[in-house]
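Colleague: Chains Z and X, in that order, are what the protein sequence lines are.
Here my numbering is used: the first residue of the first sequence is 4, the next is one more, and so on.
Here my numbering is used: the first residue of the second sequence is 168, the next is one more, and so on.
Hints are computed from structural coordinates only; laboratory data are not their basis.
Hints are not guaranteed to be accurate.
[Claimed, not checked] Just a few of them, taken from the derived set where beta-carbon distance is under 7 angstroms, the chain X residues facing chain Z:
no. : residue
1   : 237
2   : 238
3   : 293
4   : 296
5   : 297
6   : 299
7   : 311
8   : 312
Nothing here was measured: the structure is a model prediction, and the numbers come from that model.
Backbone N, C-alpha and C define an ideal beta-carbon position, used for all residues, glycine too.
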Amino acid sequence: MALKAKIVKKFHGFNLDVEFETDGSCMGILGASGCGKSMTLKCVAGIEKPDSGRIVHNGRVLYDSEKGINLPARERHVGYLFQNYALFPTMTVEENLKISLAGKEKEKQIQVLEQMERFQLNGLEKRLPSQLSGGQQQRVALARMLLSKPEMILLDEPFSALDGFLKDTLQLEMLELLKEFHGDVLFVSHSRDEIYRFCDHMILLSNGEPVVKGLTKDIFRKPLKVEAARLTGCKNISPIERISEYELYAQDWDIRLKTAEPIGDLIRYIGIRGHNLMPANDPEEENTMKISLAGSAHTTFQLQYLVQNAARLSSSKIWWIREKKEYDTEEMDTIPLYLKFPKEDLLLLS
Amino acid sequence: MGELLKTIDWSPLYLSLKTGIAATVLTFFLGIGAARQIMKLNNTAKAIADGILTLPLVLPPTVAGFFLLLIFSLRRPFGRYLLENFDIKLVQTWPGCVMAAFVIAFPLMYRNARAAFEQVDITMIQAGRTLGLSERKIFWKIVVPIAAPGLASGTVLSFARAIGEYGATTMLAGNILGKTRTVSVAIATEVTAGNWDIAGFWVLVIVLLSFLIVAAMNIISGKNFKNGSGWA
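Use the sequences and the hints to build the structure in full.
Modeller: This is the structure in structure tokens:
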């Protein structure tokens with residue numbers, strides 16, 4: 004079980020140039036809108052044609068620009084879950100499910116009924132897609148896709164059209180379904196949480212080019228590249244000047260920081276996630292900064308503060324995030340005087 | 168009026184309807200076919216082909232008639248070829264009426280079909296492909312049903328245009344009572360002959376028929392404008 008792909012395609016003023024391999028598990032492609040991630044999926048599915056490259060799935064060549072091979076989408080056996088689900092609006096749920104099936108009417112009917120059962124769609128047979136909720140539409144699209152017996156499935160922002168409450172439930176449902184699917188899964192999303200939840204491996208795309216590839220957990224723990232740090236949700240990033248092997252100066256924050264790891268020659272930035280900053284009382288402690296509050300913006304379960312180096316008010320603002328212990332906590336009782344940048348949480352970025 | 172109804176020759180009405188229906192059937196399939204093929208072309212080829220197919224809509228019907236004669240006249244090679252090899256004769260015959268009406272009505276069907284296809288969300292077609300469906304199945308089972316309202320109004324408009332055709336019809340098919348004299352041709356003939364009452368009667372028939380067609384079209388398209396009330 005493996006997909007090997009090298010895709011080069013010029014579009015919208017930049018070049019898409021990605022190369023990756025999968026190993027039968029779920030592989031995530033994370034990137035901001037317009038970075039080329041959907042285009043990558045479309046090229047794998049065969050509904051867009053790369054300018055050059057090679058796509059091989061389980062030893063079967065789907066596309067090879069040098070040999071002039073370009074299998075049409077219908078022969079690729081690739082299931083594609085579209086962002087808007089692409090249910091056929093003039094057909095009922097039943098007809099949507101039936102369309103890819105071949106064989107006798109009776110056998111088709113049985114398969115459709117089984118699938119409706121499996122996806123909890125009973126009772127919705129005669130509904131049109133427009134009469135379904137977002138979650139039901141997604142289930143129909145998934146059910147329809149799996150009935151066409153794909154050898155690999157591609158999920159294109161599968162949750163972006165759903166609201167928050169549904170999203171979490173449906174994500175759990177889909178995790179269950181993906182466990183039953185034995186084949187490669189490519190999951191495209193701009194949401195780092197979704198990628199973290201679904202994919203063991205990931206690629207980070209920026210402007211059509213992969214920034215990092217690897218194990219999802221590793222990339223989130225150690226993004227290594229500045230784009231990767233941003234895309235994995237690190238809000239605090241500053242350019243640096245290297246002072247010694249274990250010490251640097253963060254220009255935007257006007258602070259000298261000690262690091263746990265040696266600072267290599269390629270390191271240009273330092274990052275720290277908002278929730279890794281710790282309140283401190285002792286200004287003499289390592290990596291500690293006197294702060295002044297510049298603003299706050301709280302979400303349901305988090306307190307988010309914007310703070311600044313009190314010694315230099317022209318310095319960049321730093322996000323500091325605290326989980327609320329109780330949801331009705333509105334403010335912290337006291338804002339601490341100092342924040343500590345724990346050296347083991349510092350992200351050295353190139 | 169009673170006297171007129173008893174003595175009138177109904178053949179023009181019968182011929183108009185027959186011509187209209189035959190020409191509409193032709194435009195329906197060929198218009199959809201042309202629209203489908205055009206959608207596949209690149210932009211330059213699309214613009215050129217679209218221009219040629221739309222030309223009969225903007226040209227005076229007599230110009231279309233002139234070209235039709237140029238092609239199908241028995242004194243010209245193609246017309247003679249058709250007659251000698253397939254025994255097909257369009258000049259001064261009913262098939263000529265159909266051909267003239269078809270050429271004039273075709274752009275209406277073609278343009279409506281193309282507009283309707285362009286409205287179809289491309290992901291529908293892409294989804295069909297990834298589900299392993301043939302292009303034929305995708306077109307007839309997915310695209311055409313989604314485009315149905317546009318196709319229906321194109322059909323109705325083509326029919327209306329086909330039964331009213333005059334210019335190209337007289338040039339190619341002529342004006343033979345009982346054979347090629349349709350209602351619109353009959354009106355001109357009766358007025359020239361000074362038979363204002365008969366001409367008036369046919370005018371009445373055409374006005375009624377056209378009104379029915381417009382009403383039918385509004386009923387069809389009305390179903391698809393659920394949000395129309397928002398404009399009021």
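Colleague: State for each hint whether it applies.
Modeller: Okay, the hints, checked on the actual structure:
no. : hint : in the structure
1   : 237  : 43 angstroms, violated
2   : 238  : 39 angstroms, violated
3   : 293  : 4 angstroms, holds
4   : 296  : 4 angstroms, holds
5   : 297  : 4 angstroms, holds
6   : 299  : 5 angstroms, holds
7   : 311  : 9 angstroms, violated
8   : 312  : 4 angstroms, holds
Going down the numbered hints, you'll see the structure goes against 1, 2 and 7, while the others check out.
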